[in-house]
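> Residue numbers (our numbering): 348 to 471.
Incorrect hints may have been included.
To be verified - With a straight-line cut-off of 27 Å between C-alpha atoms, the simulated BS3-like cross-links for lysine-lysine are: (1) K350 <-> K467; (2) K455 <-> K358; (3) K467 <-> K450; (4) K370 <-> K350; (5) K455 <-> K370; (6) K350 <-> K455; (7) K450 <-> K358.
Stated by the list, open to error - Label-pair ranges, simulated between beta-carbon atoms: (8) E357 <-> G433: 14 to 22 Å; (9) E432 <-> R390: 28 to 36 Å; (10) E359 <-> D418: 30 to 38 Å; (11) G433 <-> S412: 15 to 23 Å; (12) G372 <-> E436: 29 to 37 Å; (13) E357 <-> T409: 16 to 24 Å.
I should point out that these hints are in silico values taken from the structure, not numbers from a laboratory. We treat Cβ as the ideally placed atom computed from N, Cα and C, and that holds for glycine.
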Amino acid sequence: MAKLLVVDDEKELVDLIRLLLEKDGHEVISAHSGTEALEVLSRQTPSMILLDVTMPDMDGYTLVSNLQSDDATRDIPVIVLTGREGLRETFELFSNVVGFVLKPFDVKDLRARVQTSLEKAAAR
348 MAKLLVVDDE KELVDLIRLL LEKDGHEVIS AHSGTEALEV LSRQTPSMIL LDVTMPDMDG
408 YTLVSNLQSD DATRDIPVIV LTGREGLRET FELFSNVVGF VLKPFDVKDL RARVQTSLEK
468 AAAR
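Full structure from sequences and hints, please.
Printed below as a string of structure tokens:
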């Protein structure tokens with residue numbers, strides 16, 4: 348299946364998401380900050396990124412901006428994980444943001460959102 352990068356400073360949440368998505372056959376790599384995510388992306392190219400908004404050292408908005416400005420990462424689809432519904436409009440300005448999942452999330456919804464987004468990305 349797909350290689351997915353999960354970026355969230357909550358290690359327990361990353362472990363949960365890893366468990367769920369590996370059950371679906373995906374390879375899951377992780378980063379716990381925006382800076383760490385950029386380091387991972389310099390070595391690997393995932394099929395999709397699941398990204399928390401609120402993180403130390405670099406928030407999700409800044410990370411998405413960096414991804415958008417780099418030819419190597421500009422087209423990687425991003426699903427934003429957030430506890431704040433009001434951020435949707437802000438992130439919809441980025442062409443690589445393909446979805447939002449509100450925290451706390453329903454497991455089935457997260458898995459379905461990832462699958463649907465991967466299918467849409469493959470059809471492009």
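> Determine for every hint whether it applies to the structure shown.
Evaluated hints:
1. Between K350 and K467 the CA atoms are separated by roughly 15 Å; this keeps the pair inside 27 Å, and the hint holds.
2. For a cut-off of 27 Å, the pair hint linking K455 to K358 stands: about 20 Å separates their Cα positions.
3. Proximity of K467 to K450 is assessed by CA-CA distance (about 23 Å); at most 27 Å being required, the pair is judged to hold.
4. Restraint check for K370 and K350: the C-alpha separation of about 13 Å stays at or below 27 Å, so the hint holds.
5. Restraint check: the Cα-Cα separation between K455 and K370 comes to about 12 Å, which is no more than 27 Å; the hinted pair holds.
6. Annotation: proposed proximity of K350 to K455 holds, straight-line Cα distance about 19 Å (limit 27 Å).
7. The straight-line distance between the Cα atoms of K450 and K358 is roughly 15 Å, inside the 27 Å bound, and the hint therefore holds.
8. Restraint check, E357 to G433: a C-beta distance of roughly 20 Å satisfies the suggested window 14 to 22 Å.
9. Between E432 and R390, the C-beta spacing of about 34 Å keeps the proposed range 28 to 36 Å intact.
10. Checked against the hint of 30 to 38 Å, the C-beta distance between E359 and D418 comes to roughly 34 Å, which is consistent with it.
11. A beta carbon spacing of about 18 Å between G433 and S412 agrees with the range 15 to 23 Å that was offered as a hint.
12. Checked against the given bound of 29 to 37 Å, the beta carbons of G372 and E436, roughly 33 Å apart, stay inside it.
13. Between E357 and T409 the C-beta distance comes to about 18 Å, which sits within the given range of 16 to 24 Å.
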